[in-house]
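Chain A is fixed; fit chains H and D onto it per the hints.
Protein chains in written order, with my numbering: chain A, 1 to 327; chain H, 1001 to 1285; chain D, 2001 to 2343.
I should point out that these hints are in silico values taken from the structure, not numbers from a laboratory. It cannot be assumed that every hint is accurate.
[What the hints assert, rightly or not] Straight-line distance between alpha carbons at most 25 Å, and here's what the computed BS3-like set of lysine-lysine pairs gives:
1) H:Lys1144 / H:Lys1037
2) H:Lys1162 / H:Lys1186
3) H:Lys1186 / H:Lys1217
4) A:Lys2 / H:Lys1162
5) H:Lys1144 / H:Lys1095
6) D:Lys2006 / A:Lys124
7) H:Lys1186 / H:Lys1095
8) D:Lys2339 / H:Lys1162
9) D:Lys2339 / A:Lys124
10) H:Lys1097 / H:Lys1186
11) D:Lys2006 / D:Lys2339
12) H:Lys1214 / H:Lys1144
13) D:Lys2111 / D:Lys2095
14) H:Lys1144 / H:Lys1162
15) D:Lys2006 / H:Lys1095
16) H:Lys1037 / D:Lys2095
17) H:Lys1097 / D:Lys2231
18) D:Lys2231 / D:Lys2095
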Amino acid sequence: MKYLARRFAHAALLMLAISVFSFALLQCTPGNYFQTMRLDPRVSAQTVAALQSQFGMHQSFLMRYIRWMLSMTHGNMGYSFSYDVPVAVLLQTRARNTLLLTVSATLLAWALAIPLGIWSAASKGRWNDRLCGFGISTVLAIPDLVLFLILLVFAVRTGLFPAGGMLSPGFGSLDFWGRTKDIAFHLTLPAAGLALTMLPVLVRHIRSAMLDALQSPFIRAARAHGIPRTRLLLRYAFPAASNPLISLFGFSIATMLSGSAILEVIMSWPGLGPLMVQAILSRDVYVVAGIVMLGSCFLVVGNLIADILLLVSDPRIRVDENNEAAL
Amino acid sequence: MIPNCTPLKASCEGTPLLEVRALCKDYLQRRPLTREKFRVRALASVNLSVDYGATLGLVGESGAGKSTLARCLAQIEGPSSGEIQFDGRHVTGLKGKPLADLRRQIQMIFQGATSALNPGFTAEEIISEPLLIQRRSGCAEQRKRALELMEQVELPASSLHKLPREFSGGQRQRLAIARALALRPKLLILDEALSHLDLANQAIMLELLARLQKEQKLTYIYISHDLGMLAEIATDIAVMYHGTVVEHKRTAEILDRPEHPYTQDLLEAMPVCEPACLASRVVER
Amino acid sequence: MKRRYKLWLALALLAAFHVFVLFAGFAAPYSYSAEDRNLPYAPPTALHFVDAHGHFHFRPFVYAIRDNPQAPGSYTEDDTRAYPVHFFVRGSSYKIAGLWRLNVHLFGVHKPGRIFLMGTDGYGRDQLTRFLYGGQISLAAGLIAAVFSVGLGVFIGAISGFYGGWLDEILMRAGELFFALPWLYLLFAVRAALPLRIAQWQVFLLLLAVCGILGWARPARLIRGAVLSAKERNFVIAARTYGASDFYLLRRHVLPQTYSIILTQFALLIPQFILAEVTLTFLGLGVGEPMSSWGSLIASLQHYYVMASYWWMFLPALLLIPLFLAYYVVADELQEHFKSVPL
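One chain only, chain A, in its complex shape (with noise of 0.2 Å):
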């Protein structure tokens, strides 16, 4: 317990530490939105007066900081000057949608990397394996960026899927089943690119987990007892090799990110992706610091779900507790 609750402890400095990067690189901001607006002939001087202490902006950063904390913690995350609305109103819909995608993409590519990486383990050195090692390094040659186009021109080309979006025009009219079919429908491209960026990754690192545990002395002494091949790979081999994969999981976690607000962008999928650069492009501070939080909540959440994994799974973990708690 003590190990889950200085995990805790640790996720939460981070994200306070993650909170006063990101308020702080906002306040760098030199030119915002209300220098444009005031550049505006249509809007007067005291419009902006009025806003700028609406918003707080003539108090000092540690005050500000402190006003915005606050404010998050009530579930507001400030004000979006271009959309009109409240982030955390904007970021809900969005993140919901980066959730799917992203959440859909990691269990697409671990669905595939497990069984291809004990495959590939189990048949060492043979055509299949190299076949795999071949595709693999091709793919993972592959930028991102270009993946995406490729599978964008693809569907473009062929018609096959739809090219981009979440949701096809008529949405609204359809029942609960066409909705979810619909929805699906358009996220089969997005979540394959994102998840075949993933899956060289996870497929090299499952095999060489696999290889490992393999050649390690109790598996030679099962496969000496008998044990039918199978069983030895996937009850035996397989759990020993899976310490190393779940710290790749919090790892995976952050690059899936990254990769999805490209992906977000090329294929015109409504997540937190295109609103980041939207708001970029607008000087939109408060979204931009909303969507830093946000991804690295995610980030931090998953890590932690990785370390919760970690301590139900190796028990030396828990062995070192029980043995300090008896010392």
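Here is chains H and D on its own, set in the frame of chain A:
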């Protein structure tokens, strides 16, 4: 239990070369997964003394603190508390120039010469590195000294340009010895320096070390598990157990009349062909 | 090392790429800003060796391009006018390293012939020329950012590993912070903090600095690991017993053990930073005209009609693949090599 002994040659004032009093050393460690800190007591009040020209055998099980003691003596680490006297002077907690002077006089030879030699350096670079660091002499002088040292350890001068991997295990250990002698030290600490060699090589190396001791008037502290070997070469033996010296006597006395139960265990565990002749194997030097 | 033919092949490819990009003025047939408004979105010019009469020529030639009357907006070749391809032709002038003015180009055709090996864009600009010049920005971005990143990583990792203690704790916690942040979001955030209207080259340098600052965490952690293990090696301890200073130990004994890590990290980070620059520019957040990089070339693909009708606009994106592949092969081979070298 400081023995009332006659040293190899008449020492200056009858004071020992090295005297250690109540030396303690603690380490702070972390558990690997949960990252909790805890303290490990490696040395718990060690008392020891070594005479000029003696060969002290330091024996004990793994984890008894022998290497820690060696590191404290060789000034690789500082003790947590206690006192060390060398050549009549207090040397605990020295810094700067006095420390540099002290370092010249105490040298260490490690277990496994392979890790003690930088694989990218040539033999000449390895041997003359101490001179280089201490900036004692110019290039030509260093070369001359390197040749001298190679001769002393019976290595051919033609192999000065070779890399460590081109030498055999025993030859690498000779290089390590040559390097240790470069600064003309008074005390040489050998931390299981011969454990990795086969018996034939060990015998040769022991002879070499004995010759060097006579020629250069060295004092040795020899750390080992092998009580049998120590019985042949050591003037006195100190037994370490759980971070402290439990018994320190002349070799013959220890082998004959071990007092501490741990020493008795050690002696019983020692494989000898004829236990009765063990005491007679010790040659009074 | 000599038997690693994959490594040498990859290095040769990388060298060729970089040389062509470095000498873009020489390698490209046209100048950077040359436009031909009469030929927007022209497909890549085909090289012919056999003419309309069936004669074989050693020297390849191209036909003139004219509008296709049957399909407005597209082009056909005019068999009656052939222009042989010459090497080392005189063309528009350019500067090498801003110092020497030359006007020799690697290849070209005499006017009014046109050779567009990668087609043209909406303004009639030769894509090959733009690719080579754009590469100067993107490749430089990757290299410089990688140098910042690895340099900072080595510095912090060495100090952290060597001295340990509270300094190590703080630095590694800071590193974790950087790991925790989604790097692209952070890059966006920093870009947001920069004024939209500062000079392009300043944007460029600032983004590089940010990439470097964001990227130090991984190399630092690896270097710290190597320093920690090297620090405990007996030859380092031995050198310490002769009174070696910390600086000497780092310089002569510890850091040479990290060269392998530094090299592999370079090979891995350079393509990542190239991609970061290309992505940012693609999204409109990086460098813009006139310093357009590969990202600007690929950005035109965001328009539906471009993607649907003009396949050659995809070529700059596709050409990134062998470049990245070469870098990854170098990194892999280096890792294999260093694993097998006996220590």
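Checking one constraint from the list: CA of Lys1144 of chain H to CA of Lys1162 of chain H, max 25 Å. Satisfied? Holds - the C-alpha atoms of Lys1162 of chain H and Lys1144 of chain H are around 17 Å apart, at most 25 Å.
Compare the distance between the alpha carbons of Lys1214 of chain H and Lys1144 of chain H with 25 Å, and conclude whether the hinted pair is satisfied. At roughly 22 Å apart (the allowed maximum being 25 Å), Lys1144 of chain H and Lys1214 of chain H satisfy the hint.
Would you check the hint for Lys2339 of chain D and Lys124 of chain A, treating anything up to 25 Å between C-alpha atoms as holding? holds (20 Å)
Restraint status (C-alpha distance of Lys1144 of chain H to Lys1095 of chain H at most 25 Å): violated (31 Å)
Lys1037 of chain H and Lys2095 of chain D were given as a pair; does the straight-line alpha-carbon distance stay at or below 25 Å? Distance ~63 Å between Lys1037 of chain H and Lys2095 of chain D Cα, so the pair is violated.
Lys1162 of chain H paired with Lys1186 of chain H [C-alpha distance capped at 25 Å]: Violated - the C-alpha atoms of Lys1186 of chain H and Lys1162 of chain H are around 29 Å apart, more than 25 Å.
Take a quick look at whether Lys1097 of chain H and Lys2231 of chain D sit within 25 Å of each other, Cα to Cα. holds (23 Å)
Decide if the proposed pair is consistent with the structure: Lys2006 of chain D and Lys2339 of chain D, CA atoms, cutoff 25 Å inclusive. Between Lys2006 of chain D and Lys2339 of chain D the Cα gap is close to 17 Å, so the pair holds against 25 Å.
When you check the alpha-carbon spacing of Lys2006 of chain D and Lys1095 of chain H, does it fall within 25 Å? Given pair Lys2006 of chain D, Lys1095 of chain H is violated - Cα atoms ~53 Å apart, limit 25 Å.
Lys1186 of chain H and Lys1217 of chain H: Cα distance at most 25 Å? holds (7 Å)
Keeping to a limit of 25 Å between CA atoms, is the pair of Lys2339 of chain D and Lys1162 of chain H held or broken? holds (23 Å)
Need the status of pair Lys1144 of chain H, Lys1037 of chain H: alpha-carbon distance at most 25 Å? violated (50 Å)
Comparing the model with each earlier hint shows violations of hints 1, 2, 4, 5, 15, 16 and 18; every other hint is respected.
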